[in-house]
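> These are the residues of each chain, in order.
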Amino acid sequence: MNVRKIVTHVEEIRAEGGRPVSPAARVAVVAAVIDNPWAGQGFVEDLGPGIDATASDLGALLAPEVLEALGAPVEAYGKAAIVGLDGEVEHGSALIHTLKFGDHFRKAANATTLLPAVEKRGAVGTVFDIPLKHITDATIRSHHQTVEVRISDAPHPREIVIALAAASQGRPQQRLADLSTER
Amino acid sequence: MQETATDSPAERIALRKLVTYRDVVVTEAGARPALPARRASVAAVVRNPWIGTEPCTDLSEEQGRVAPVLAELLTDRLIAALGGADRIEAFGKAAIVGTAGEIEHAGALIHTPFFGNLVREFLQGESIICFADARAEAGEDLVVPLWHKNHAATRSHYQTISARVPDAPRADEIVVIAAASTGPRPHPRIGDRTTDLAVTKENLEEVLS
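Those protein sequences? They're chains C and U, same order as listed.
The opening position of the first sequence corresponds to residue 1 in the working numbering, with each subsequent residue numbered one higher.
The opening position of the second sequence corresponds to residue 1 in the working numbering, with each subsequent residue numbered one higher.
Certain hints may be false.
Reference listing, derived: stretches of chain U covered by chain C, where coverage requires no fewer than 3 residues with Cβ under 8 Å from a Cβ of chain C [said to hold, decoys possible]:
{"id": "1", "region": "12-19"}
{"id": "2", "region": "25-34"}
{"id": "3", "region": "154-167"}
Far from chain C by the CB rule (all over 12 Å, computed), these chain U residues [unchecked claim]:
{"id": "4", "residue": "Pro-49"}
{"id": "5", "residue": "Gly-64"}
{"id": "6", "residue": "Gly-107"}
Derived, one-sided and incomplete: chain U residues facing chain C with beta-carbon distance under 10 Å [said to hold, decoys possible]:
{"id": "7", "residue": "Ser-8"}
{"id": "8", "residue": "Arg-22"}
{"id": "9", "residue": "Val-45"}
{"id": "10", "residue": "Pro-55"}
{"id": "11", "residue": "Ala-81"}
{"id": "12", "residue": "Arg-135"}
{"id": "13", "residue": "Gly-139"}
{"id": "14", "residue": "Asp-141"}
{"id": "15", "residue": "Val-143"}
Hints are computed from structural coordinates only; laboratory data are not their basis.
All C-beta atoms in this analysis are idealised placements derived from N, C-alpha and C, irrespective of residue type, glycine included.
Sequences are here, hints too, so could you generate the full structure?
So this is what it looks like as structure tokens:
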């Protein structure tokens, strides 16, 4: 796996809707810009060897970094794969939709749910939104949220951006009734 | 909202959010940099304290109240993101004012000693700080220039980092940015003033004709 750069994006929201948010709501994203393992190979039928060679290493690289960037216990999380224009969305999905990738983050965060994801193909500098959900119960409505990210010089056509996102809380000023109240 | 004695500095300057962006180049053009650098920008979103004022308004009082708090908040996070003020070699600053404000309002928060001197002091630098500014819609990606914090003419350290807050500035807000790097560009190789030949119009006649 060739990594070109590691990007960290941290938001601290101190006020929302005109009211203070205390403690500050924190959301962190760490992204690795890597060479697409299948670049230049035409249509590869079996993605298994590329997944085995890359996905676990990526998860092990990103999970501790995003926990450190958040600097607080994780309550919600998500992931992203943004494929450069010469690749297939399937290449990005291959690297993140495997337990070999996600289990590093799940274990480190004491989480149990599947990671919600965005996967798309885009040009250098494309904007992407990572969805986050609660780490032990994906139906907890207060924790449904997204974080918007842009890396100004990635992904190149033969690269993939792989990211993990973590939030220390639900939405700032969350005040929707629980799902159970509608049942 | 009425101010109280318990208001934090952040609340007193109507701070909405802070966004820290850091990148670490592992490889560039397929090769590892000899001196790997971390670069970071930190952006603070504050309410524009001069919304609704006339273009003849004296800006000095609010400058002295808002800019020092920003200098401290931003440099705190820059230092944490880059591993210490002593690790920082290059710096820069920027501001994006929302559409209901003037470029002069952006400049007011970054171009006076209330911001610049404090950023220099917190980051342990001596150079004048290079800058960018813009009036723009939320989500503008601003390219922030950096140069060496002690020797501004150090060519290896001329570099930029982009800063962007997806939902700011609103029309009545200002985004204020401080940025820094722990080293040079990934593969600097364009010499410097000590290696430059004397370049004038006369001795380049062959190239220019």
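> So, for every hint listed, does it hold in this structure?
Right, here's what the structure says about each hint:
1. 12-19: Our answer is that it holds, as 6 residues pass the Cβ test (under 8 Å) against chain C, meeting three.
2. 25-34: This one holds; 5 residues, not fewer than the three required, reach chain C with a Cβ under 8 Å.
3. 154-167: holds (count 4)
4. Pro-49: holds, 15 Å
5. Gly-64: holds, 22 Å
6. Gly-107: Label holds. Min Cβ-Cβ 24 Å, cutoff 12 Å.
7. Ser-8: holds, 9 Å
8. Arg-22: holds, 4 Å
9. Val-45: Status holds, d = 9 Å.
10. Pro-55: violated, 27 Å
11. Ala-81: holds, 7 Å
12. Arg-135: With a minimum Cβ separation of about 20 Å from chain C (threshold 10 Å), the hint on Arg-135 (chain U) is violated.
13. Gly-139: holds, 8 Å
14. Asp-141: holds, 6 Å
15. Val-143: holds, 8 Å
Consistency with the previously given hints fails for numbers 10, 12, ordered from lowest to highest.
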